[in-house]
Amino acid sequence: MTTLRKPVVSDHRSAARAISGRLNPSSGFSVLHPFPANQNEIPKLRLRELSLSYKTNGGERLLALDRLDLQVRAGEFLCIVGPSGCGKSTLLHLIAGLHSPTSGTVLVDGKPTPGTGTDRILIFQELGLFPWLTVGQNVEFGMKMKGVPKAERREQAEHYLRLVHLAQFRDSYIHQLSGGMRQRVALARALASEPDVLLMDEPFAALDAQTRDLLHDELERIWAETGRTIIFVTHNVREAVRLGDRVVLLTFRPGHIKREFAIHLPRPRHLEHVDVAQTAREILGELRDEINKSLENEYRVQA
Amino acid sequence: MKTLGRQAIFYAIVIGLWVLIAQLRVWPPYLFPAPKDVAESLWAGFADHSFWIAIGVSMKRMFLGYAISVAIGIVLGLGVGSSRFLEETLGGLLVSLQSLPSICWLPMAVLWFGLSEKAILFVVVMGSVLSVTISMETGRKQMPKIYSMAGRNLGAHGWKLFLYVLFPASLPYVLTGLKQGWAFAWRSLIAGEMISVSLGLGQLLTMGRDLNDMSQVLAVMVLIIGIGYLVDGIVFRTMEKQMQQKWGLAPAS
Numbered sequence: 001m002t003t004l005r006k007p008v009v010s011d012h013r014s015a016a017r018a019i020s021g022r023l024n025p026s027s028g029f030s031v032l033h034p035f036p037a038n039q040n041e042i043p044k045l046r047l048r049e050l051s052l053s054y055k056t057n058g059g060e061r062l063l064a065l066d067r068l069d070l071q072v073r074a075g076e077f078l079c080i081v082g083p084s085g086c087g088k089s090t091l092l093h094l095i096a097g098l099h100s101p102t103s104g105t106v107l108v109d110g111k112p113t114p115g116t117g118t119d120r121i122l123i124f125q126e127l128g129l130f131p132w133l134t135v136g137q138n139v140e141f142g143m144k145m146k147g148v149p150k151a152e153r154r155e156q157a158e159h160y161l162r163l164v165h166l167a168q169f170r171d172s173y174i175h176q177l178s179g180g181m182r183q184r185v186a187l188a189r190a191l192a193s194e195p196d197v198l199l200m201d202e203p204f205a206a207l208d209a210q211t212r213d214l215l216h217d218e219l220e221r222i223w224a225e226t227g228r229t230i231i232f233v234t235h236n237v238r239e240a241v242r243l244g245d246r247v248v249l250l251t252f253r254p255g256h257i258k259r260e261f262a263i264h265l266p267r268p269r270h271l272e273h274v275d276v277a278q279t280a281r282e283i284l285g286e287l288r289d290e291i292n293k294s295l296e297n298e299y300r301v302q303a
Numbered sequence: 001m002k003t004l005g006r007q008a009i010f011y012a013i014v015i016g017l018w019v020l021i022a023q024l025r026v027w028p029p030y031l032f033p034a035p036k037d038v039a040e041s042l043w044a045g046f047a048d049h050s051f052w053i054a055i056g057v058s059m060k061r062m063f064l065g066y067a068i069s070v071a072i073g074i075v076l077g078l079g080v081g082s083s084r085f086l087e088e089t090l091g092g093l094l095v096s097l098q099s100l101p102s103i104c105w106l107p108m109a110v111l112w113f114g115l116s117e118k119a120i121l122f123v124v125v126m127g128s129v130l131s132v133t134i135s136m137e138t139g140r141k142q143m144p145k146i147y148s149m150a151g152r153n154l155g156a157h158g159w160k161l162f163l164y165v166l167f168p169a170s171l172p173y174v175l176t177g178l179k180q181g182w183a184f185a186w187r188s189l190i191a192g193e194m195i196s197v198s199l200g201l202g203q204l205l206t207m208g209r210d211l212n213d214m215s216q217v218l219a220v221m222v223l224i225i226g227i228g229y230l231v232d233g234i235v236f237r238t239m240e241k242q243m244q245q246k247w248g249l250a251p252a253s
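For the protein sequence lines, the chains are D and S, in the order given.
If you read the first sequence in our numbering, its first letter stands for residue 1, the second for the next number, and so on.
If you read the second sequence in our numbering, its first letter stands for residue 1, the second for the next number, and so on.
Chain D on its own, in the form it takes in the complex (with noise of 0.2 Å):
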């Protein structure tokens, strides 16, 4: 494997190009481009120039998101951070199918993805769990669209309220359930499609301290036996780095990569731990100098 050691530079794009990587042996993450360690690998998911512009209200054109490239290997679990704003939800909408970017390309396994598609399930912000029908018929939904018999649809989804340790509450309804189980129903129901990337949009976001640190073990679990490749966008960069291989940063609009974190600490990790929180806090650092930068930035354009 030839590694360039070159300092990172701040232009994301012409880093990814170098594949350039630097270690830094004194914390638990490097910043570098770690993927692709093979470049013959067809990565599981790809982003090609993403961006996305819109019209306002206002009717000036707004770009939320800027040709971002990003890659994403098979099993990885890749942590998205980014200051409110930055188009973070937008991004996970993108590669979902939900809609169309302004240009550029989501492949996934080098093959350009039309529109919606089961290979990318995304669990939303507010969950979008169906409140006519029970646990177990909302995590059937995804098979039962596809015309998976009644039978194996019922076992699939049996297996994966075990996974979720909600079994006993196969025949509930969603307003019955705490917050904390509603999320695990989605999971349950995002993964019984199969999906090959599973797409989080800050899922815990609205949860209690307990219960987040009990869905991050539980998540990490299931991820390690699932062998699903994950990404999770959070604006919790502990949250990140306790759960992720890799942290992306975003820059505020117009969204693209600044940074990326390979975070090498063992699991399983724990959001105390003190080696999580020190290199929350390098990252953290990384993601103020960024706000403050695109800041400084606009102050200027306006000045």
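One or more of the hints may lead you astray.
Derived SDA-like pairs (lysine to any residue); straight-line CA-CA distance at most 25 Å [stated by the list, open to error]: (1) S:K246 x D:A167; (2) S:K160 x D:P131; (3) S:K145 x D:T56; (4) D:K111 x S:M149; (5) D:K150 x S:K246; (6) S:K145 x D:S100; (7) S:K36 x S:L4; (8) D:K144 x S:L171; (9) D:K150 x D:E194; (10) S:K145 x D:G115; (11) S:K179 x S:L100; (12) S:K241 x D:Y173; (13) D:K146 x S:L161; (14) S:K160 x D:E158; (15) D:K111 x D:G227; (16) S:K241 x D:H175; (17) S:K179 x S:M194; (18) S:K145 x D:W132; (19) S:K160 x D:V148; (20) D:K144 x S:F167; (21) D:K144 x S:S148; (22) S:K145 x D:A206; (23) S:K160 x D:Q156; (24) D:K144 x S:K160; (25) S:K160 x D:Q137; (26) S:K145 x D:S53; (27) S:K145 x D:T134; (28) S:K145 x D:S178; (29) D:K55 x S:K145; (30) S:K141 x D:Y54; (31) S:K145 x D:G179; (32) S:K241 x D:S178; (33) S:K145 x D:Q137; (34) D:K144 x S:I146.
To give a feel for the contact side, a few chain S residues facing chain D, derived at Cβ under 8 Å [said to hold, decoys possible]: (35) R152; (36) L154; (37) A156; (38) P168; (39) L171; (40) G248.
Read the hints as simulated data drawn from the structure, not as lab findings.
Yeah, the Cβ is synthetic: ideal placement off N, Cα and C, and Gly gets one too.
Following the hints, put chain S in place on chain D, whose structure we already have.
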């Protein structure tokens, strides 16, 4: 229970007044029959099966017509609610058509279909399809976007998205419209039966008039009210309750 008591007292007073006025002979009995006469007419109607047959015939027309208008209304309403083009074109037309009393469709129906079952079905459908459509359209618009996004994300497209996501998701908003559609269908049916076709409750009413039999007229009216109330109180109330339980909505008092 308290409400039930109050209602019992209220109806007792109403019937008491009725008996009193009939006893006083303010109007001759063939114009103002006593409750007893009406009850006897009801009894006789059921005893000679003419009421049963009329109810059977009317309900068959009703269910058929209502089913057709719900099916059309759901598809049309979801369509108009989902597409801006349809909303701007068809949507306006539907709203303006709603101001037309359903019985106005009868002359057209008779010219097209003759004095037949088809004519009466046509009137029932035209009477109720618009309120179902318009409530469905409103439901489609008020429904949170997240459900259709989640549905598409999980692989629901085309008719599957409509049937398994958009329709159930809009049900809380639409139930009132379905109820209203039923009430309109019921009125259109009785009106249509009175004027055009044979058999059915409406025709019994007309027959009562032709025979100068006021107690039969009142008996049939009681029947029409009773059936309407039963369907509303049992079918729609049950649907509402079930939905509220599933969705966890506070029961509407």
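So which hints don't hold here, by number, going up?
The structure conflicts with no hint, since it agrees with every one listed earlier.
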